[in-house]
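Residue numbers (our numbering), protein chains in the order written: chain A, 4 to 256; chain B, 118 to 294.
Bear in mind the hints are in silico, worked out from the structure with no lab data behind them.
Treat the hints loosely; a few may be bogus.
What the hints assert, rightly or not - Simulated pairs of lysine-lysine, DSS-like, Cα-Cα distance not exceeding 30 Å: (1) A:109 - B:224; (2) A:171 - A:109; (3) A:171 - A:256; (4) B:207 - B:190; (5) A:118 - B:207; (6) B:172 - B:230; (7) B:190 - A:195; (8) B:224 - B:207; (9) B:190 - B:230.
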Amino acid sequence: MSFLNKLGIGTGAGRSPRREVPWPMGSNGRPRVVGPTAAAAVGTARVPELREANRVSNGLKELLWNLDGLGRGTLLDLGPAWQTTLSFFIERGFRVSSEDILREWKEFLSEEEAKLRETAGRTQEAPDVSPAGRAARFLEANLRYPVSSFDAILLWDLLDYFEPVASKQVVACLTELLRPGGVVFAMFHSKKPEGFHRYRVADSNTLQVIASPVLCPAQRVYQNREIQDLFGRYRTMKSFIGRDQLRESLFIK
Amino acid sequence: MWKKEEAKSQGVAESSPALPTASPAMSSAAAREGSTTLPISGRASACISQGIRIKGEVTGSEDLFIDGHFEGKLNLTNGSLTVGPNGEVKADIFAREVIVRGRVDGKIVGREKIQLWSTGNVAGDLQTERLAIEDGAVLRGRVEIETGKPIDKRFGASAGSGKTGTVSIGSGSAVDQ
């Protein structure tokens, strides 16, 4: 039975034969960890290896407290599109926009590299390869929303993975997209992260931490002062440091 | 019962001229009908298979499976659209149900439901009653769910205590969780 059928919304159940992607489920209804052998056995189907851990998140709790009673708010999730995260906010009346910005950044860097190879030796056609130029080109194609579109932005720990100049420009861009009084939820590693993780909302004070293949290597570990400088245009910052050396921060515009 | 099924499939074949743009692809699909290799959705009566490239507008009320390239506009009022793993669609889509296993660039309105499988990649807004996203799917766009349910404006009893330890900007200290 596929994951979607397990949810009761798969198609064609009992009506016609169909090829299904095997999706191993744990007894708790969640996909269980899939080893390499099991993944290979399903052939071409891409079954991501998921290792989940739950994490109590005071930052999330505080974010929700700030959004409480907002009604039909708007939220921008800059992580991957997870069913649980989207459902959590949609059920509470939010209009959610999703953009996996780190994936876009990785694809952008690959394209830039390819372009550089093409234009090698032709100095007139070579693009501006400075980090600032690269970041500006990236933002020309991404985060294209009207000014003051969102009440909240889930930035997760993505700034640790951008080039520092790009991080600065991304934050400036997000500040424009946020309404006055809006909130940014971000996380920063206090030391260089050992693995690459994605996050999704499990409930109102719990995040699921999911080990994922590395998209981009961590670029920088931000100190508190640097974080404050990055978000200098915000009126309030609240921070929570977990035992896993992950700092959760809320920035209110 | 079996005769009913046969009659249904014949009826579908007869209705195929209702989708003039897709007819070349459908003839190839019909040629393969006996091989039972129609992927994913056995219900899909029309198929734009891999290697077929179509530009234009498709309207109809039957199900459609796209595993090739399509550019234009898709309007299947009561039908279901499945974009296969090799499918690439650059179009605004209106259908009763939309299943994405390939790539879609455009707005999707799935009146009843939209499903994004792990290989699905959508750049465009989604509007539906029910949405299912499998882990690994890529979505770049806004999601609007239209349900008749009242909105729960509160984020659960545990949220909103406002008593969590906080640090004002510039203090440089933090609260251990």
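When you check the alpha-carbon spacing of residue 118 of chain A and residue 207 of chain B, does it fall within 30 Å?
-> holds, 25 Å
Is residue 171 of chain A within 30 Å of residue 256 of chain A, Cα to Cα?
-> holds, 16 Å
Given the proposed pairing of residue 172 of chain B with residue 230 of chain B, does the C-alpha separation stay at or below 30 Å?
-> OK: residue 172 of chain B and residue 230 of chain B at ~25 Å, within 30 Å.
Does the structure keep residue 109 of chain A and residue 224 of chain B at a Cα separation of 30 Å or less?
-> Holds: residue 109 of chain A and residue 224 of chain B sit about 24 Å apart, inside 30 Å.
Hinted pair residue 224 of chain B and residue 207 of chain B, Cα distance within 30 Å = Holds, at about 9 Å.
Taking 30 Å as the top limit, are the C-alpha atoms of residue 190 of chain B and residue 230 of chain B close enough?
-> Measuring from Cα to Cα gives roughly 19 Å; hence the hint holds.
Quick one, are residue 171 of chain A and residue 109 of chain A close enough, alpha carbons at most 30 Å?
-> holds, 17 Å
Restraint check for residue 207 of chain B with residue 190 of chain B, where alpha carbons must lie at most 30 Å apart = Holds: residue 207 of chain B and residue 190 of chain B sit about 8 Å apart, inside 30 Å.
Does residue 190 of chain B pair with residue 195 of chain A here, judged by a C-alpha cut-off of 30 Å?
-> Answer violated: residue 190 of chain B to residue 195 of chain A is near 47 Å, above 30 Å.
In this structure, only the earlier hint numbered 7 is contradicted, and the remaining ones agree with it.
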